[in-house]
Amino acid sequence: MQLLLIEDDQEAAQFVLKGLRESGYRVDHAADGRDGLFRATEGAYDLIITDRMLPHLDGLQLVKFLREQGRRTPVLVLSALGTVDDRVLGLKSGGDDYLTKPFAFSELLARVEALLRRSSTAENAPPTRLRVADLEMDLLSRRVARAGRAIELTAREFKLLEFLLRHAGQVVTRTMLLEGVWDLQFDPQTNLIDVHMSRLRQAVDRGFARPLIHTVRGSGYVIRDENKSS
Amino acid sequence: MRINLLRTSAFRHVVGYGVIFTLGVSALLGAIYLLTESVLTNDTDAVISAELDGLTDEYNRGGLSQLNEELTYRADNWGRTGAVYLLVDANLNKEGGNLKAWPQGLPLERWVNFSLEARRSNDDITLHPVRASVMLLPEGHRLLVGTDVAQQRRFMATFRTATLWGIGLTALAGVLAGGWLSYRLSRRVQSVAEACDAIVGGDLGRRLTVSGWHDEFDALAQAVNSMVDRLAEKTQLLRATFDSAAHDLRAPLFRLRSRLEDVARSPGSGAALREGIDASLQELEHVQRTLTTLLQIAQAESGIAQSSAPVDLAKLASDMAELYEPAARERHLQLTVQAQPPCEVRGNRQLLAQVVANLVENSLKYVPPGGHIEVRAQRASSGSQLVVADNGPGIPAAERTHVLEPFVRLPAAAASTAGTGLGLSLVAAIARLHHAQLALEDNGPGLRVVLSFSSG
Numbered sequence: 001m002q003l004l005l006i007e008d009d010q011e012a013a014q015f016v017l018k019g020l021r022e023s024g025y026r027v028d029h030a031a032d033g034r035d036g037l038f039r040a041t042e043g044a045y046d047l048i049i050t051d052r053m054l055p056h057l058d059g060l061q062l063v064k065f066l067r068e069q070g071r072r073t074p075v076l077v078l079s080a081l082g083t084v085d086d087r088v089l090g091l092k093s094g095g096d097d098y099l100t101k102p103f104a105f106s107e108l109l110a111r112v113e114a115l116l117r118r119s120s121t122a123e124n125a126p127p128t129r130l131r132v133a134d135l136e137m138d139l140l141s142r143r144v145a146r147a148g149r150a151i152e153l154t155a156r157e158f159k160l161l162e163f164l165l166r167h168a169g170q171v172v173t174r175t176m177l178l179e180g181v182w183d184l185q186f187d188p189q190t191n192l193i194d195v196h197m198s199r200l201r202q203a204v205d206r207g208f209a210r211p212l213i214h215t216v217r218g219s220g221y222v223i224r225d226e227n228k229s230s
Numbered sequence: 001m002r003i004n005l006l007r008t009s010a011f012r013h014v015v016g017y018g019v020i021f022t023l024g025v026s027a028l029l030g031a032i033y034l035l036t037e038s039v040l041t042n043d044t045d046a047v048i049s050a051e052l053d054g055l056t057d058e059y060n061r062g063g064l065s066q067l068n069e070e071l072t073y074r075a076d077n078w079g080r081t082g083a084v085y086l087l088v089d090a091n092l093n094k095e096g097g098n099l100k101a102w103p104q105g106l107p108l109e110r111w112v113n114f115s116l117e118a119r120r121s122n123d124d125i126t127l128h129p130v131r132a133s134v135m136l137l138p139e140g141h142r143l144l145v146g147t148d149v150a151q152q153r154r155f156m157a158t159f160r161t162a163t164l165w166g167i168g169l170t171a172l173a174g175v176l177a178g179g180w181l182s183y184r185l186s187r188r189v190q191s192v193a194e195a196c197d198a199i200v201g202g203d204l205g206r207r208l209t210v211s212g213w214h215d216e217f218d219a220l221a222q223a224v225n226s227m228v229d230r231l232a233e234k235t236q237l238l239r240a241t242f243d244s245a246a247h248d249l250r251a252p253l254f255r256l257r258s259r260l261e262d263v264a265r266s267p268g269s270g271a272a273l274r275e276g277i278d279a280s281l282q283e284l285e286h287v288q289r290t291l292t293t294l295l296q297i298a299q300a301e302s303g304i305a306q307s308s309a310p311v312d313l314a315k316l317a318s319d320m321a322e323l324y325e326p327a328a329r330e331r332h333l334q335l336t337v338q339a340q341p342p343c344e345v346r347g348n349r350q351l352l353a354q355v356v357a358n359l360v361e362n363s364l365k366y367v368p369p370g371g372h373i374e375v376r377a378q379r380a381s382s383g384s385q386l387v388v389a390d391n392g393p394g395i396p397a398a399e400r401t402h403v404l405e406p407f408v409r410l411p412a413a414a415a416s417t418a419g420t421g422l423g424l425s426l427v428a429a430i431a432r433l434h435h436a437q438l439a440l441e442d443n444g445p446g447l448r449v450v451l452s453f454s455s456g
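So the sequence lines, in the order shown, correspond to chains F and P.
Under the numbering used here, the first residue of the first sequence carries the number 1, and numbering increases by one thereafter.
Under the numbering used here, the first residue of the second sequence carries the number 1, and numbering increases by one thereafter.
Simulated from the structure, these hints should not be mistaken for laboratory data.
We put the CB at the ideal spot given by N, CA and C, even for glycine.
Any given hint could be a false lead.
Claimed, not checked - Covered by chain P, according to a simulated footprint, are these stretches of chain F (three or more residues, beta-carbon under 8 Å):
#1 83-97
#2 183-194
Stated by the list, open to error - Okay, derived cross-link-like pairs now, DSSO-like style, lysine-lysine, Cα gap no bigger than 30 Å in a straight line:
#3 F/Lys159 x P/Lys315
#4 F/Lys101 x F/Lys159
#5 F/Lys64 x F/Lys101
#6 P/Lys94 x F/Lys159
Chain F on its own, in the form it takes in the complex (with noise of 0.2 Å):
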């Protein structure tokens, strides 16, 4: 996987542009909107990671450049205005994403999974089934099984094991969660999130010798088959 970060900001550069390397991505750096712009052109990336506020380009425009040459590459888009409206701005530029600054690295990380992830299956038609080990989610009749048995889940609790399982074997943080199954964009104070994730474990995972949802410390959460996996 090949990735550009376009940040001007030295040392931030350097703390993402280690830890993404550390995580097995091959990561290209552009200082500026100009440089990046020119790299993002010429270069074939699976994702590009912009700054907001740039030297010589705003990332908004950039954004919208290659947007126009119809390159559909996705972009995160980091920045320091995090407001509901710059969000929204940001978005609309054609940005897949937006994070603001500052943010944990495994926000970050998870977020560029999610988005590579993404665009690998946009080709594909969208499932109707989704599936990690023996549990099953039929996204037609809104029927969910493990091991063939029936699991009864109130309407959140389907749209939080949807995304989860949507998002498979990649970590989803808290923010995501929040973000892509109730829309919101807040910073709760109050640990919702687990009480609510502790919840759908009981439906999903009690009763079973494998767990599949796993709390990732400092992160978030995954769905995965551990035996399959390790």
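With chain F's structure known, arrange chain P on it following the hints.
Same frame as chain F, now just chain P:
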């Protein structure tokens, strides 16, 4: 800024109106004067002509001697006031009448004006203007019949003087009214300008004077005053926010720094290091949260229009209740929702969700286990309402406006919980941004927060 009286718009208006009014009055009085004069002159001429005709008839009937007789008779007996008669021969020598002689240099025309010297008993001579008509009789005699018009002239002179005075006084009144009006107006404008200057100069306690006359200046003063009230309130809030922000950011930053220094100094076994770093990250998160909330408040307070769209409060209330219900249950609290759709307002869903979240999180913090929280969306006569109510300890009535200010935490709460102290101020700021009324009420027992949106 000093205002020059002569340059005020009031003065220019009044002078303009004064000129027009004075011209109008002059035209009117002038017309009356000319008409009166012409009526009087025509009257005199008609009387003279009639008398001249009558005397000519006498002459035609009885010749020169009868005419002379008639003249004498008229002059002596019942002649008109100021009547003047003179009959002369072809050489202008007197034959009869009450004039002494043919006036010197009188032109030989049909109508003539001349002056008579009248000598009173005490020797002073007055000149009497006379209007007269002369008829040439067949034998070369001339008959002059006239009227002393001194009185008439005096009357017209008086009339003329009165007219001029009238015009002059009108103009004077215009100028005085203009001066007075512009003085009064400019004094009031001056006081507005001075007060505004003082306010701009930083004296936010200064207000414009309201005269109590309920005129346009009072309306202006009230509008400016309420603007300054709001400005002062905002400035005060900003100042308080800065002060408290400095405090609330410095404290955790200091803790963070101490922790990191501690970690840096320690010889470092893996677990202790890890623990120090985790604690530092938590502290950092607290700083970030405080900063983010402060920025949100600042943005909402600045009134920068956020994108707004129709938001269904009923749906929002249900969503938020559903989101928080498990967290409430974990704390042994009952969270219920009462939402009667449709309950639509225009606003920003994310910000309104933040409002409900902050209020519910407050309740979660302060309501003891076994308590009850209710989220309600309802239609009132005035518009839609969003309500979060609990049966916790509530807020004493005296504290209710106070808690809306940034960084205020009730003493009981301050020690126990790790809030930023900004939750309710953010709620207040978002409420203001949505032009919604925020009320903290007694839920008997507990707290009821009502956000009332005006319909339309």
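Here's how the hints hold up against the structure:
1. 83-97: holds (count 4)
2. 183-194: holds (count 9)
3. F/Lys159 x P/Lys315: 17 Å, holds
4. F/Lys101 x F/Lys159: Between F/Lys101 and F/Lys159 the Cα gap is close to 28 Å, so the pair holds against 30 Å.
5. F/Lys64 x F/Lys101: 21 Å, holds
6. P/Lys94 x F/Lys159: 139 Å, violated
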